[in-house]
Amino acid sequence: MQSALTLLSWGPEGWLDDIFYGAYITVSLALATLPLGLLIGFFVALAKNSEEPTLRLAGNIYTTIFRGLPELLTLFLIYFGAQTGIQSLVKLIRPDAMIEVNSFVSGMVALGVVLSSYASEVFLSAFRAIPRGQYEGGYSIGLSGFQTMRLVVLPQLIRIALPGLANLWLVLLLNTALVSAIGLSDILRQAGIAARVTREPFLFFGLATLIYLGLAVISSIGVRQVERAVGRSEGTR
Amino acid sequence: MTLATTADDAMPVPKARAWTRERVAGTMLLGLWAAVFAALAAYLVAAWNPELFSRWAPAYLSGLGTTMLLVVISTLLGAILSVPVAWGRMAKNPVARFLAYCWVYFFRGTPLLAQTFLIYYGAGSFSGWLQEHGLWFFFREAWNCAILAFTLNTSAYQAEILRGAIQSVPKGQWEGAASLGLHTVQTLRKVIMPQALIVALRPYGNEVVLMIKSSAVVALITVPDLMGQTRLAFSRSFDFQTYIWAALIYLAVVEALRHGVDWIERRITRHLKR
Amino acid sequence: MRISKLLLAATATLALAAGAAQAQDTLRIGTEGAYPPFNNLTADGQLVGFDIDIANALCDEMKVKCEFVTQDWDGIIPALQAGKFDAIIASMSITEERKQKVDFTNKYYNTPPAIAAAKDSGINGVSKEDLAGKTIGVATSTIHYNYSELTYTDSTIKGYPTSQEEQLDLASGRIDAINDDISVLEEWLKTPDGACCHIVGTITPIPEIHGPGAGIAVRKGETALVEKFNKAIDAIRANGKYQEINAKYFPYDVYGG
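Protein chains in written order, with the numbering used here: chain A, 1 to 237; chain B, 238 to 511; chain C, 512 to 768.
Take these hints with a grain of salt, some might be off.
Stated by the list, open to error - Here are the simulated BS3-like pairs of lysine-lysine, each with C-alpha atoms no more than 25 angstroms apart in a straight line: (1) A/Lys-91 to C/Lys-612; (2) A/Lys-91 to C/Lys-645; (3) C/Lys-731 to A/Lys-91; (4) C/Lys-630 to C/Lys-612.
The set of hints was computed from the structure by calculation and includes no laboratory data. The structure displayed is predicted, hence computed values, not measured ones.
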């Protein structure tokens, strides 16, 4: 049996480079998913906060579905289902085209819709925390609906929603581990391969867990910085 | 699909509403959803295969049973374990506070899937040592490993729910109870917990929903839950409807639970409504 | 929310379509990478094994560039159908069940299934009675799983994602026996991990379950590709390339009768 040191070395003999490549994939996937999920989540929250019942219903159907399905199932549905669906659509236009929605894009879309359904709840409760008077004040000084949203509501919204969103970032980071099941070479998949090949599951799953923990620690520090920055901007006003 | 939120939309509409931009957008989106559901229904009807259904229906049922049993057992065990952890989080003793903090941080800061793999395959590589110490009988079974991983994981989340709920009760309540001569345990039981549990009900409900959803990973360590049966059915039949069935079952269970929590919440907060 | 999602999907699709159009004459081969000695990954992330060498030899013969894609076993046929690759060369047995979804080439090898068990397990044969009351580990979505499920009705069958995981659990004593291809079992028994165990016997293949051997799977209706592969298999069998690869991995002929 090789020593743990060799197994954890960088290069062709060891697995450290492979696992750090996995960490790179995990972080890029989470970073790519975040803006997508927040953007969709914001619009879903707008719909759910609307006075228009049809919009509210459409938004509620969205969150009911994507908060109710296991993330792993959503991943499979998108990975296998969306590919086949898009493929048959494209075939109508260009019969010879071969479309590939790779596992990164599938993972991004699946984690993005899950994130957005949770983010919409956070945004929604933040919307409700902003008094009506803020909108009315905006309108009374002659701002349009869009301007009121951008200049008056949004800055407060972000501050109120920030703790909830920070929590969602951590959840997103953990959920990325599921993409290992659709073949994306993230931390957990790389660790799993290493564990199988070297027959050292404890070593490699332990290492993977520690890397996730490290990412969580870095995230907490980052979140604290952002919160402090946002808090400061409030104080100086 | 039924939605609770439609209930408060059912206000009488006295006059025809104008076709605002929002209403146009909302109607279009609803139309889109209707199209999606219609397509799904059409697909399920067209792909309906009685042979496939009768072959896998019992497997799905037993898978659902496994999922629910796993969630119930580990949520209950996690609830018990969360009490000392929550106590540690609020303790004056810095060592207890630090340990509880680490506990919560570790289990909430790493993926449940990684924890499950670590316990299951990790225990496998120490089977010799575990046998010597008489622990192997426990770790030998994938089911026990799954229960352990899920219990530890949910204990961290539940500890935070419990702590948040207890701390949400204003300090004055403690002081009031103290001035009446109640000691700490009495205060907790008679004054704080009844108020805290109202606050905690919804987060607890959410935690159970999260447990149901994340239990889908246990199939990866050979526990035949609903997701495991689904993957088996899909890999045998290569028929995509097997995944759709699972999606409908999970949605039904989660929605039922959510409505149940709503109902309980309405009942126990009746005294708070004027 | 819908629109942004659609836009995103559209841009992603277009970008990928452009990428796919450039690489027309490369053939993408799907394989599992967890089935030594047929296909597995090394520490530096390289795919190696009998399947990989055969695939490369076939691609040389067909004068196309081959690109390997690794995919988990239980999603490998859906991934082929979804166009994530063009052919599966991953020791996939030709069965009637699979033929309903994909087309197969002729076999490129055929080795019998077998059962391995711990040396102290007291299991002495492969019959239903020999394994009654025992726990058998098998990789799901394989002919071995189907066989075990049908035959060993008095045993507990546990499904694993890959063969390597069932081996880990047999070595640690969680399960009593595993059912797999004999070449895979023998390869594993040679490792330090396999010291615990031995082969208790081979299973007589049942044609309806085990089929005529391992073939290359392509999407349904791609008969031209099947023909190309069949010609290439015949060619490497004739020019000695096949025998060379065979000898590199096995001391016996894996092509079978």
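(Q) Against the 25 angstroms threshold, does the CA-CA distance of A/Lys-91 and C/Lys-645 hold or violate the hint? (A) With Cα atoms ~50 angstroms apart, A/Lys-91 and C/Lys-645 exceed 25 angstroms; violated.
Q. Would the pair C/Lys-630 and C/Lys-612 pass a check requiring their Cα atoms to be no farther apart than 25 angstroms?
A. 40 angstroms, violated
Q. Given the hinted pair C/Lys-731 and A/Lys-91, is their alpha-carbon gap at most 25 angstroms?
A. 16 angstroms, holds
Q.
Between the alpha carbons of A/Lys-91 and C/Lys-612, is the straight-line distance 25 angstroms or under?
A. 19 angstroms, holds
In terms of the numbered hints stated before, the structure departs from hints 2 and 4, listed from lowest to highest.
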